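*Asks:* Sequence:
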Amino acid sequence: MLYVNICVCVVLMLVWSYLFIKTYQLDGYNIKIFINNIFELRLAYGDKNKLVFTKRMIRFLFIYSLLIIGIFFLLNYFIENIYLLILDCAIAFLLTPIFITLTHYILLPFEILIKKYYISKAKRKLAKLDIIKIGITGSYGKTSTKNFLAAMLEKEYKVCTTPKNFNTEMGVTRTILENLDDHDVFIAEMGAKQKGDIEFLAKLVKPCYGIITTIGEQHIETFKTLKNIEETKNELPKNIPEDGIMVFNGDSSSTYKLYKNYTGEKYLANHKGGFSYADNIEITSDGSEFDLILGENKTRVKTKLLGKCNIDNIVSASTLAFLLGIKLEDIKSAINFLKPPPHRLEVLKNNYSTIIDDSYNSNFIGASEAMDVLSKFKGVKIVVTPGLVEMGEKQSELNFKLGALVADVADYFIIMNDVNKNYLLSGAISHNFPRDKIFFASTRKKQKEILQLISIKGCVILFENDLPDNYK
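The sequence shown runs 3 to 474 under our numbering.
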């Protein structure tokens, strides 16, 4: 009977722990962020992201299960009073975050050793390769710029890039070990949530070339100030060798500041006083057309991509591609066939409506650009968004502004989840948006029902941002 009770308790505990463990994984195994989300009751309650059984997660679950078995063995062995046992089991369930934290620290030394082993292995592999190494960082546009640059360089080189948004230390390490082979070029996207992250990646990859895209208040909740973000992004140029080259997006004031302070070989993009920029820009619902200026060279280019942000990223990528010897005609050809990364101003058309999927965008600059893109389309316009998160003390202000932007463009507004509901609503109403055209949806099912109610043939639906499971 003892072992039956233990098995029942352990199974129930593991089922109960699922949301907590998934939240822990979604938080990147960062115990500080996990604890903060627990205190704010932000659990991964939805099915948008599922628990991924990586090797690390399997190790975690093994140790966690042993810990839970031990706890319930002691409870069942020493407590005979059934009511007291139920009470103690209930307390054990409430202490789940503590058990997860304890398991984290039990495994931490082992995980550090594993991480060091793979990073050291990746460094040794890179050191043996005679290839062009490029680092790309910034707050916004890293993935797009990386993909655009790869498409241009592939006209002359065999290129390996970090896939999707693999921009962490282990994401880059894994790419080096698993994907990098007989390539001529390696492009590493470099992300950061705290100071030192870019410096670590730069010392791992040791790029000779770098691009800094737009810098803004992304992850301001963890960085605290824009100055901290600027200093973190500046860790890339600080680690570029003397014979290396840096490209800076001059359309961003913070990036322009880093350009001014950089003493190595540098090129300013997206600035009419700089080396490269786009001129005579025309943006329609079918795409963009502009004059691409690269030094003394000028050519008219077309792309199916929408938005000024994409044009900026194209110009930045074109600049480095040109400096690496890609012909202007090849750059122009690559631009013509560029595709947006999935879920970033991706236009999907069917016989009934047009979908603008911008669900991977999570910043105010990108959201503003998405509203401008939406304004280029004809037909009834519907915006679906939960707003922006991780904006720190500016969260209310930026979501209020976003609501106002939606009001200036859209005919209907569907607000998802509760986290920014009041800010978005107030912003829309402040710009005289009709209250009866604003809807709230707490689930995807409800969202679908509302869309079926208000959508008509020829309508345009913009999906702006998509919060992770630990936001309601």
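Hints listed in this document are in silico derivations from the structure and should not be mistaken for laboratory results.
These numbers come from a predicted model, not from an experiment.
Yeah, the Cβ is synthetic: ideal placement off N, Cα and C, and Gly gets one too.
Please note that the accuracy of each hint is not assured.
[Said to hold, decoys possible] Quick list of simulated restraints, FRET-style, between CB atoms:
1. K448 to N230: 35 to 41 Å
2. K118 to F55: 57 to 63 Å
3. I357 to G198: 37 to 43 Å
4. T56 to N230: 29 to 35 Å
5. Y107 to K450: 20 to 26 Å
6. G460 to N181: 41 to 47 Å
7. Q196 to D245: 26 to 32 Å
8. L110 to N434: 36 to 42 Å
9. G266 to L110: 36 to 42 Å
[Said to hold, decoys possible] Calculated pairs, DSBU-like style, for lysine-lysine (alpha carbon to alpha carbon, straight line, at most 35 Å):
10. K57 to K226
11. K329 to K351
12. K157 to K195
13. K57 to K197
14. K310 to K448
15. K197 to K226
16. K135 to K34
17. K306 to K274
18. K380 to K459
19. K262 to K341
20. K135 to K268
21. K304 to K341
22. K229 to K351
23. K160 to K226
*Asks:* Now, for every hint given, state plainly whether the structure supports it.
*Replies:* Consistency of the hints with the structure:
no.	hint	result
1	K448 to N230: 35 to 41 Å	holds (38 Å)
2	K118 to F55: 57 to 63 Å	violated (23 Å)
3	I357 to G198: 37 to 43 Å	holds (39 Å)
4	T56 to N230: 29 to 35 Å	holds (30 Å)
5	Y107 to K450: 20 to 26 Å	violated (43 Å)
6	G460 to N181: 41 to 47 Å	holds (43 Å)
7	Q196 to D245: 26 to 32 Å	holds (30 Å)
8	L110 to N434: 36 to 42 Å	violated (54 Å)
9	G266 to L110: 36 to 42 Å	holds (38 Å)
10	K57 to K226	holds (33 Å)
11	K329 to K351	holds (34 Å)
12	K157 to K195	holds (34 Å)
13	K57 to K197	holds (27 Å)
14	K310 to K448	holds (33 Å)
15	K197 to K226	holds (11 Å)
16	K135 to K34	holds (33 Å)
17	K306 to K274	holds (24 Å)
18	K380 to K459	holds (12 Å)
19	K262 to K341	holds (32 Å)
20	K135 to K268	holds (16 Å)
21	K304 to K341	holds (12 Å)
22	K229 to K351	violated (41 Å)
23	K160 to K226	violated (40 Å)
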